[in-house]
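2 protein chains.
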Amino acid sequence: MTGRTKITLDESELPRQWYNVIPDLPSPPPPPLHPGTLQPVGPEDLAPLFPMALIAQEVTADSYVPIPEEVLDVYRLWRPTPLYRAHRLERALNTPARIYYKYEGVSPAGSHKPNTAVPQAYYNAAEGTRRIATETGAGQWGSALAFSCAQFGLDCEIWMVRASYDQKPYRRTLMETWGATVHPSPSPETTAGAKVLADDPDSPGSLGIAISEAVEVAGGSADTRYALGSVLNHVLLHQTVIGEEAIKQFQAAGEEAGPDLIVGCTGGGSNFAGLVFPFLREKLAGRINPVFRAVEPAASPSFTRGRYAYDFGDTAGFTPLLKMHTLGHDFIPDPIHAGGLRYHGMSPLLSHAYELGLFEAVAKPQRECFAAGVTFARSEGIVPAPEPTHALAEVISEAKRCAETGEEKVILTALCGHGHFDMSAYQRYLSGEMDDFELPQDRIDAALTRLPALTR
Amino acid sequence: MTGRTKITLDESELPRQWYNVIPDLPSPPPPPLHPGTLQPVGPEDLAPLFPMALIAQEVTADSYVPIPEEVLDVYRLWRPTPLYRAHRLERALNTPARIYYKYEGVSPAGSHKPNTAVPQAYYNAAEGTRRIATETGAGQWGSALAFSCAQFGLDCEIWMVRASYDQKPYRRTLMETWGATVHPSPSPETTAGAKVLADDPDSPGSLGIAISEAVEVAGGSADTRYALGSVLNHVLLHQTVIGEEAIKQFQAAGEEAGPDLIVGCTGGGSNFAGLVFPFLREKLAGRINPVFRAVEPAASPSFTRGRYAYDFGDTAGFTPLLKMHTLGHDFIPDPIHAGGLRYHGMSPLLSHAYELGLFEAVAKPQRECFAAGVTFARSEGIVPAPEPTHALAEVISEAKRCAETGEEKVILTALCGHGHFDMSAYQRYLSGEMDDFELPQDRIDAALTRLPALTR
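Same order as they appear, the protein sequences are chains A and B. Going by the numbering used here, the first residue of the first sequence is number 2, and it counts up by one from there. Going by the numbering used here, the first residue of the second sequence is number 2, and it counts up by one from there.
What the hints contain is simulated information worked out from the structure, not anything from laboratory work.
Here are the simulated DSS-like pairs of lysine-lysine, each with C-alpha atoms no more than 25 Å apart in a straight line: (1) K284(B) with K249(B); (2) K7(A) with K7(B); (3) K249(B) with K410(B); (4) K7(A) with K401(A); (5) K410(A) with K284(A); (6) K7(A) with K249(B); (7) K249(B) with K7(B); (8) K7(B) with K401(B); (9) K7(B) with K249(A).
Same shape as in the complex, but just chain A (with noise of 0.2 Å):
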């Protein structure tokens, strides 16, 4: 084994701003709308939902915006994070490639997500917040929000997705330790639950129900926020620290000309971009210059197959409209096991990104993804999140392309969450219990045919 193996870097090298994309872009992003008046949401439409200082950061034409010390103070109980030269893969494989990938998974909830949770809890709490309320689907958002919470001293009350409230009872365990209350979605407390409820007792949920559900709350109390792990701007750039710090280490491996190729998975997108939005930073100022390229699950393709229209982040339609690509807001996936990337929408910002050419995308079936888990577990040790395989498999398929043709490529991956929650996805998998599904288009077709009218 030649080279190192991690680059760690030291705690006192720890980012010490976050990056703002938005004025290297050549255009704006299109603003989110009142759904009500068609015109572009004022921070005053935003105040019962976020803090100010989110609120601003939501719309900041900086380009970067400095972390708080208390926020800091957070992140160094895991950040920097590693970021490993996958040199058993590359053997497994037999491949001329040279695969790096950043792990976010040695955060105390296992994913990148408290990247974003710690300062939402910050500010809510320097505001005076007492409550957060939010939404989870297989559970990564909500334990990292529970986990920050816990750190900012606020209450923390929680909607997961009924089918993984039932099938996940370790998620929900491992957010209650943390000292979150966890209610099932559709949950009867609510208004849009127990609409959802009366129409279909057993419904599973979604995602877009359980958003519903936590903006209805905190909409109605004075002292209760909302939270959202995905999506938004200021979500996105919170993670950029994670693209900052891989390029710290790409120097420090000796990787001056930076990687050829940049993986990650896509469902609400913060994962992605808070890897490449850096990097892209540096593309677009010619000093290197990787292809970009998001992953998204067969079954809910939102960039591949999905329109670009202005539609409800929701499924009950009180959020502002966001110009995104989508299936529909009421689109609901088939039961894969991919966590968080069953989304019907994408991140307003990487979806114009994606439209300015910025990046590629493509979408992978899930057996394939799980299969990757397995490759990558038993040369790496680590055994991946269901999000994270889904580059893994794209990157396996790429490093197969370098066994043929001889290239050395320097790919980086963002490993963003380890699968210690979500092993009974790798049993169905391994006793052959795992389906793909086909997507039939008319069922994208008519979940479109119900976006608000003003894209329709």
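For chain A, the structure is supplied; the task is to place chain B on it using the hints.
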């Protein structure tokens, strides 16, 4: 928050040799005896079970054993592990004590166990072993060996205590993800297992029974050997990388006087010995003067209520006789959630050191341990495995004493693993369903009447 949160070392600072404490002790530990002849066992007795390199390490008189490059290459996947200053826990306890924890949960298997599983797999592969058989209780050791066997292309067969096999399907899936085969123990596939099943078809199993099964399988097949995750000298030897790193990290932290108190949990003893032995070397050389304290479950109290006597390491009596603190080889503890701490015996080397007065031992009931685990999770973020919550309970008691006395004691503890696969135990604790158990003296006395005749 003043001072550093985590003290990391670059992988170039990985220890290059394991430390053998035996030459530094005032006297050597009593040897293992052959149960038939009552003579010390020789290499030829152990050869069916272990590769010669490990047998040599079991009895070496050298103070240091070089770590093979192939082992270092795998260690680099997660070592050196971080040393943390527990700023947030200190604040939560309002204590003047300075608390440090060495965190081994960053390994792929999530505990300190791969420190010995990797070299055991390596030496077996180097000597032509095709398959390793082992036992696992809660699954920490089985996971570590499954991961390690995948690294060296060995088959891995694991006998898992039935109660855990049924209650912890995700641990089993983790081992299977790394390619291992997992059997519930007692199993009908071995004579030892079949005998237990004939007496009690619903036997929940025990670590002692599972050891009997794995030893039987290894002894009966020329290309199969056995591996043990604790207790033996070579296992403790491999774990000393923990303490060697911690010594460097204490210097890097500016704590030149070293810790005043080092606390670790003990089941078979490898975690405690791994952290303590290098510090014990420094203490015996007069350079530092820490107190060492082992913490065991009140329901499985081999140090504090067992007898120091020759006994079998397993239930069926297949192993050599080991002079150790034992509750009797057929002692089955109450169903506490203490993972690998539920073993009837103790490392002979640690037992000897305890008899020499080199460290203290205390026992803790499980609810106090889980309360400590929750306090730790809500302050430091990491959710600890049940095993290290025993040490944390003692650390918290000690830190509270310091809060009363004002003493700025420097405390170091071994956080030997995370609790991601132990959430059912946290669920029981949080819901108020967890009981402490009284262990009546007559139950211990009864088990001790069945010690081998030699020592009864």
